[in-house]
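**Q** Once you know that position 57 of the sequence shown is 57 in the UniProt record's numbering, the rest is easy, because the numbers rise by one and skip nothing.
These are computed hints drawn from the structure, not numbers from a lab. Heads up, some of the hints might be wrong.
[Stated by the list, open to error] Cβ pair distances, simulated, as ranges:
{"hint": "1", "residue 1": "E133", "residue 2": "K81", "range": "18 to 24 angstroms"}
{"hint": "2", "residue 1": "R85", "residue 2": "E34", "range": "15 to 21 angstroms"}
{"hint": "3", "residue 1": "A35", "residue 2": "E68", "range": "21 to 27 angstroms"}
{"hint": "4", "residue 1": "G89", "residue 2": "L4", "range": "25 to 31 angstroms"}
{"hint": "5", "residue 1": "L103", "residue 2": "M1", "range": "39 to 45 angstroms"}
{"hint": "6", "residue 1": "E96", "residue 2": "K7", "range": "37 to 43 angstroms"}
{"hint": "7", "residue 1": "A109", "residue 2": "K7", "range": "21 to 27 angstroms"}
{"hint": "8", "residue 1": "I52", "residue 2": "E96", "range": "31 to 37 angstroms"}
[What the hints assert, rightly or not] Okay, derived cross-link-like pairs now, SDA-like style, lysine to any residue, Cα gap no bigger than 20 angstroms in a straight line:
{"hint": "9", "residue 1": "K7", "residue 2": "I134"}
{"hint": "10", "residue 1": "K132", "residue 2": "L103"}
{"hint": "11", "residue 1": "K132", "residue 2": "L116"}
{"hint": "12", "residue 1": "K48", "residue 2": "K81"}
{"hint": "13", "residue 1": "K81", "residue 2": "Y100"}
{"hint": "14", "residue 1": "K19", "residue 2": "V2"}
{"hint": "15", "residue 1": "K48", "residue 2": "G112"}
{"hint": "16", "residue 1": "K19", "residue 2": "T32"}
{"hint": "17", "residue 1": "K30", "residue 2": "N72"}
{"hint": "18", "residue 1": "K48", "residue 2": "K19"}
{"hint": "19", "residue 1": "K132", "residue 2": "V37"}
{"hint": "20", "residue 1": "K48", "residue 2": "I110"}
{"hint": "21", "residue 1": "K81", "residue 2": "G38"}
{"hint": "22", "residue 1": "K132", "residue 2": "I110"}
{"hint": "23", "residue 1": "K19", "residue 2": "A109"}
{"hint": "24", "residue 1": "K7", "residue 2": "F120"}
{"hint": "25", "residue 1": "K48", "residue 2": "S93"}
{"hint": "26", "residue 1": "K81", "residue 2": "Y43"}
{"hint": "27", "residue 1": "K7", "residue 2": "A129"}
{"hint": "28", "residue 1": "K132", "residue 2": "W83"}
{"hint": "29", "residue 1": "K132", "residue 2": "I80"}
{"hint": "30", "residue 1": "K19", "residue 2": "A129"}
{"hint": "31", "residue 1": "K81", "residue 2": "K30"}
{"hint": "32", "residue 1": "K48", "residue 2": "T32"}
{"hint": "33", "residue 1": "K132", "residue 2": "G38"}
{"hint": "34", "residue 1": "K132", "residue 2": "M113"}
{"hint": "35", "residue 1": "K81", "residue 2": "T55"}
{"hint": "36", "residue 1": "K132", "residue 2": "Q73"}
{"hint": "37", "residue 1": "K19", "residue 2": "E42"}
{"hint": "38", "residue 1": "K132", "residue 2": "Q6"}
{"hint": "39", "residue 1": "K81", "residue 2": "V47"}
{"hint": "40", "residue 1": "K7", "residue 2": "N88"}
A virtual CB, placed ideally from N, CA and C, is assigned to each residue, including glycine.
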Amino acid sequence: MVSLIQKIDRIIEERSLLKHPFYQTWSDGKLTREALVGYSKEYYQLVKAVPIFMTQLMDHVPEHLYDELDFNQQEELSHIKLWERFANGLGVSSEELNGYEALYTTNHAISGMHSLMSSFVSGSTAMYALEKEI
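Can you make the complete structure from the sequences, with help from the hints?
**A** As structure tokens, this is what we get:
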């Protein structure tokens with residue numbers, strides 16, 4: 001019998017971002033610096049949003065899981081500085097990074113994630129899928 005988590009994992013695998021041509025090109029070491037610069041600015045929008053997702057999710061978390069999610073949120077906050085260093089290393093200034101206007105599709109995806117944080121079940125499932133991919 002296939003467990004629920006196995007079913008979720010299968011769906012994640014079928015739709016994995018890592019199968020996207022961009023990530024395949026990156027894995028093959030063929031991504032241009034220009035593409036990485038663009039990616040650093042675009043993906044930063046998600047990196048900044050994840051701690052906010054965690055804050056929203058913590059409004060719905062069972063009490064016995066609160067400390068664990070609080071720890072995870074602090075870890076996610078530390079990723080922001082790491083990503084800024086990555087972008088800076090590519091020549092993207094902090095001003096450019098923080099002033100960047102994300103693509104509609106990026107904003108739409110982040111908005112969708114925000115809406116999933118309205119319950120513990122949908123929020124924790126969405127965060128599980130996100131963490132499984134990154």
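**Q** Take the hints in turn and mark each one as holding or not.
**A** These are the hints, each one checked on the structure:
Distance hint check: the CB atoms of E133 and K81 are about 21 angstroms apart, consistent with the given range 18 to 24 angstroms. Roughly 19 angstroms separates the CB atoms of R85 and E34, a value that falls within the hinted 15 to 21 angstroms. In this structure the supplied range 21 to 27 angstroms is violated for A35 paired with E68, their Cβ-Cβ distance being about 36 angstroms. Distance hint for G89 and L4: a CB-CB separation of about 41 angstroms, inconsistent with the stated range 25 to 31 angstroms.
Our hint of 39 to 45 angstroms for L103 and M1 holds, since their Cβ atoms are close to 42 angstroms apart. Distance hint check for E96 and K7: the Cβ-Cβ separation is about 42 angstroms, which falls inside the suggested range of 37 to 43 angstroms. At roughly 23 angstroms, the beta carbons of A109 and K7 sit within the given window of 21 to 27 angstroms. Between I52 and E96, the C-beta spacing of about 22 angstroms breaks the proposed range 31 to 37 angstroms.
Between K7 and I134, the direct Cα distance comes to roughly 19 angstroms. Compliance with the 20 angstroms bound is thereby established for this hinted pair. Simply put, K132 and L103 have alpha-carbon atoms about 24 angstroms apart, too far for the 20 angstroms limit, and the pair is violated. Proposed proximity of K132 and L116 is supported: the alpha carbons are some 17 angstroms apart, at most 20 angstroms. Of the supplied pair hints, the one linking K48 and K81 holds, its CA atoms being roughly 10 angstroms apart against a limit of 20 angstroms.
Under the criterion of a C-alpha separation no larger than 20 angstroms, the hint pairing K81 with Y100 is consistent with the structure, at around 16 angstroms. Between K19 and V2 the CA atoms are separated by roughly 24 angstroms; this puts the pair beyond 20 angstroms, and the hint is violated. Our distance criterion of 20 angstroms between C-alpha atoms is met by K48 and G112, whose separation comes to about 15 angstroms. Between K19 and T32 the alpha-carbon distance is near 18 angstroms, which keeps this suggested pair within the 20 angstroms criterion.
Between K30 and N72 the alpha-carbon distance is near 33 angstroms, which puts this suggested pair outside the 20 angstroms criterion. Only pairs whose Cα atoms come within 20 angstroms are accepted, and K48 paired with K19 is rejected, the gap being roughly 24 angstroms. A distance of roughly 24 angstroms separates the Cα atoms of K132 and V37; the hinted pair therefore is violated under the 20 angstroms criterion. Taking the CA atoms of K48 and I110, the gap is near 10 angstroms; set against the 20 angstroms cutoff, the hint holds.
Taken as a hint, the K81 and G38 pair is honoured in the structure, with Cα atoms around 18 angstroms apart against an allowance of 20 angstroms. Between K132 and I110 the alpha-carbon distance is near 17 angstroms, which keeps this suggested pair within the 20 angstroms criterion. For a cut-off of 20 angstroms, the pair hint linking K19 to A109 stands: about 18 angstroms separates their Cα positions. Distance hint between K7 and F120 is fulfilled; the C-alpha atoms sit about 19 angstroms from each other, no more than 20 angstroms.
Restraint check: the Cα-Cα separation between K48 and S93 comes to about 16 angstroms, which is no more than 20 angstroms; the hinted pair holds. About 13 angstroms separates the Cα atoms of K81 and Y43, which keeps this hinted pair within 20 angstroms; it holds. The straight-line distance between the Cα atoms of K7 and A129 is roughly 12 angstroms, inside the 20 angstroms bound, and the hint therefore holds. Annotation: proposed proximity of K132 to W83 holds, straight-line Cα distance about 18 angstroms (limit 20 angstroms).
Using a Cα cut-off of 20 angstroms, the hinted pair K132 and I80 holds, with the two alpha carbons roughly 19 angstroms apart. Restraint check for K19 and A129: satisfied, since their Cα atoms lie roughly 15 angstroms apart, inside the 20 angstroms limit. Distance restraint check for K81 and K30: the Cα-Cα separation of roughly 26 angstroms exceeds the 20 angstroms cut-off, and the hinted pair is therefore not satisfied. Among the hinted pairs, K48 with T32 is inconsistent with the structure: their alpha-carbon atoms are about 24 angstroms apart, more than 20 angstroms.
Proposed proximity of K132 and G38 is contradicted: the alpha carbons are some 23 angstroms apart, above 20 angstroms. Restraint check for K132 and M113: the C-alpha separation of about 15 angstroms stays at or below 20 angstroms, so the hint holds. Restraint check for K81 and T55: satisfied, since their Cα atoms lie roughly 18 angstroms apart, inside the 20 angstroms limit. Annotation: proposed proximity of K132 to Q73 holds, straight-line Cα distance about 16 angstroms (limit 20 angstroms).
Our distance criterion of 20 angstroms between C-alpha atoms is met by K19 and E42, whose separation comes to about 19 angstroms. Taking the CA atoms of K132 and Q6, the gap is about 12 angstroms. The hint holds against a cut of 20 angstroms. Among the hinted pairs, K81 with V47 is consistent with the structure: their alpha-carbon atoms are about 10 angstroms apart, no more than 20 angstroms. Restraint check: the Cα-Cα separation between K7 and N88 comes to about 39 angstroms, which exceeds 20 angstroms; the hinted pair is violated.
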